[in-house]
Structures are given as C-alpha cells and as structure tokens.
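Participant: This is what each chain is made of:
Number of protein chains: 2
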Amino acid sequence: MPGAPRGRSALTRACAIVSRVKEAVEERRIFTEFLKQKKLKTTRERTALFDEIFSTHRHFDADDLVARMRLKGKKISRATVYRTLELLYECGLVGRVRLNEEKYRYERLRKGEHHDHMICTSCGRVIEFVDPRIEQLQDAVCRHHKFTATSHSHQIWGLCATCGVRAARAAAEVPA
Amino acid sequence: MPGAPRGRSALTRACAIVSRVKEAVEERRIFTEFLKQKKLKTTRERTALFDEIFSTHRHFDADDLVARMRLKGKKISRATVYRTLELLYECGLVGRVRLNEEKYRYERLRKGEHHDHMICTSCGRVIEFVDPRIEQLQDAVCRHHKFTATSHSHQIWGLCATCGVRAARAAAEVPA
DNA sequence: CTCTAGCTGAGATTCAGTCTCAATGACAAG
DNA sequence: CTTGTCATTGAGACTGAATCTCAGCTAGAG
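So the protein lines, in turn, are chains A and B.
Taking numbering that gives the first Met the number 0, I'd label the letters of the first sequence as residues 0 to 175.
Taking numbering that gives the first Met the number 0, I'd label the letters of the second sequence as residues 0 to 175.
Since the hints were made in silico from the structure, they are not lab data.
Predicted model only: the values in this text are computed from it and were never measured.
Cβ atoms here follow ideal geometry from the backbone N, Cα and C, with glycine treated the same way.
Take every hint as true, because none was put in to throw you off.
Residues of chain A clear of chain B, computed beta-carbon distances all greater than 12 Å: (1) Glu-32; (2) His-58; (3) Ser-76; (4) Ala-78; (5) Glu-106; (6) Glu-172.
Cβ pair distances, simulated, as ranges: (7) Glu-25/A to Gly-91/B: 45 to 55 Å; (8) Thr-55/B to Thr-120/A: 28 to 38 Å; (9) Arg-168/A to Lys-74/B: 42 to 52 Å.
Derived list of chain A stretches under chain B, where covered just means 3 residues or more per stretch with a C-beta under 8 Å from a C-beta of chain B: (10) 117–126; (11) 141–148; (12) 152–164.
Model the full assembly from the supplied sequences, consistent with the hints where possible.
Facilitator: Written out as structure tokens, the structure is:
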C-alpha cells in the first residue's frame, strides 16, 4: 500500500491532517453552501479535489492536480477536474490567471485577499506581491475613464533574485 | 474588380494612402533593417502584412488579420501570419498580450511607449491607459523583492462607461 | 428504499498556435 | 539578365489545453 507509515507516528500524521483540514473549514462551508444553493451535489470527487487543493498553498495547473490525485490513488478525470475548478473559481475560492502561457494557473485564494504576480522568466518561479498604493492609483485611473472595475491582474516578468545574481555573474565571467 | 473607385477620386485615395504610409515610415525602416540584420528576406507577404497592420491602430488577433488580408484579395496562410507577427514582436513593433483569453491579442506599438489595458467584460472594448506613478511603484516593488523586471502587463476588467450606464439603468428599471 | 436529476469518465471535439516539407521566390554574385 | 542558393510559403498535419458528449452511475430528497 503506497503512503504507508514511514518515520512519523500515526498520531503525528493524524494531527497534521486535522490542522490542515481545520485551516480550510471556512472555505469548505462556503463551497458546500455554494453547491447547495445551485442545487449541485457534494460528490466524492468534488470533496477529494477540494481537500487536495486546500491542503497546500501552491500554484498549480489542471494537470498538476490530476497527477497529484493519481499519486494519492484517486483517479479523477480531467473533465471533472476542470468542472470542479470552474465551480471553485465561481465561488471565489480559487483564482485563475494566464501568465502569458498556453494554460491557466490556479491558486487557492484567501477571502478578500488579492495579490499579483512576478514571474521569473529564467526559473519559472512565481512571487506574489500586493501594494495598496498601486490599487489606489488603479481606482483613480478607472474613475478617470468612468470604468467600473470588477477585477484586475498585474504581472511583472523578469529575473528573480537568484537568477538575477546568476546572470550578473555569468556576464562578468564573459566580459568580451 | 472589388475595391474599384466609388465616390472618392483616385487622387483623394492616393493622398490617403500616401499619408498612411508616411505615418509608418520609421517603423518600416526598423523592420527592413531588422530583417536584413537577421539575413531574412523582405517578401511580398511580409510587406503586405506590415502595411495592413500599420494602416490602423486597432487591436487584433491573428485570425482577424488573416480575414482582413483576404478581404483585400491577398490570401496569406495562418502559418505566415504567425511567423510575421513573431518577427514584428521580436523587433518591438507590435505588442502581444493575453487578456485572460485563449488567444493572443496583438497591437501596433509606438516606439518607447508603453500602456496597459482595461477590458470591458460586456462589450469587449479595450481601453488603453498609462500611469507613470503606477510604473514607479512597480519599480519599488521589484527593488524590494530584488527582482529585475524586463516587462509587465496590467489588465483591469469591468464595465466601460457606456456599459456601466446601461447596467445601472437596467438595474433601476427592475428594482425588485 | 426508490427515484430522479445531477455527476462522472473515456474519448471525441474544438481552437489557437506550431511544425513539416515540397515547391516557390528573393536576391547576391557573376 | 541569368543562375544558384537558401530562406520562405502554404496546405495540412500536429500539439496541448480546455470543452463537450453521452451512457452508465450516484447523491440525496422524499
């Protein structure tokens, strides 16, 4: 059986699971309410996907999620994954962005919290940032254009600290 | 023969063409220089696409462009259109953004000028905006994260002035 | 427990964008 | 002007993400 005890006691693992689940208790309530309200069903698959997504804070794409489920022995089709992500997106629990790639990236959202992204074009790392002053200026720009904003996304591409240093060093070594 | 004289004199049309071409004279030089430098050829298709793109200031996607060329009686394959857009993108003459859609949007760029987009989710209109104060704050955020930015994109979704007014009016008419 | 409306998975489909390759064409050199 | 070479083109195959289809399955109300 994959995932059998190894090193950590059953108790330790149980505690870790409890604390993770507790973290998402509010979100779970929102999700079930949302489903009930739309007369949708709380299926095995939706619950499993919810649990997986809310067990970490990582960014992911649809296929990552399929793979992670499969690793846990749960075979859930891509169609269902997309359908569930759509639902979670609709009820505001996950965010969905295009970082100038072919595919969407999803991320767990915390209520009322917004952030934007810096993407390292060398290593692919995604760094989140928030700046209320930028958001304020944004509001001002909207007012100026009589535009009623409902959402926004703001991405910055470039080199992260690590890759920037590496690039600078490489440039120094080959001065010609 | 499609596009035959109709209403406007040949002279008027000729002047319009001249003034449009003059507008893009600098860009044309940049493009041909770029091609020469990369030992690429100035083909009939590349020239035709360049002329079409630089005859307006609209945003467009690859298939729009194919259609526009076809309307003018020039059948240019999608492959060539994509290849040419890639070249124009490389030499900085056109911009390419993903506005959280499946496809890329392209737009003619003016040298050294940068702008971001507000997209009306009702009518699809795209409004350009620039705010140097936002750009400054962005730089500050990058410095804070030791991130070396090379480019960015910033989109705001919502209702444009027209659609906003219409929505407000609709809401007022159905108060229940 | 039953029944039904909603759900799932496998695979077909779509759609933007890229790739392939044989035929064509730009253009430099003669 | 002619020639030779090598980039370019177009038709259509291909890819990969996302969506759709539909027969069989299941949640959950009654």
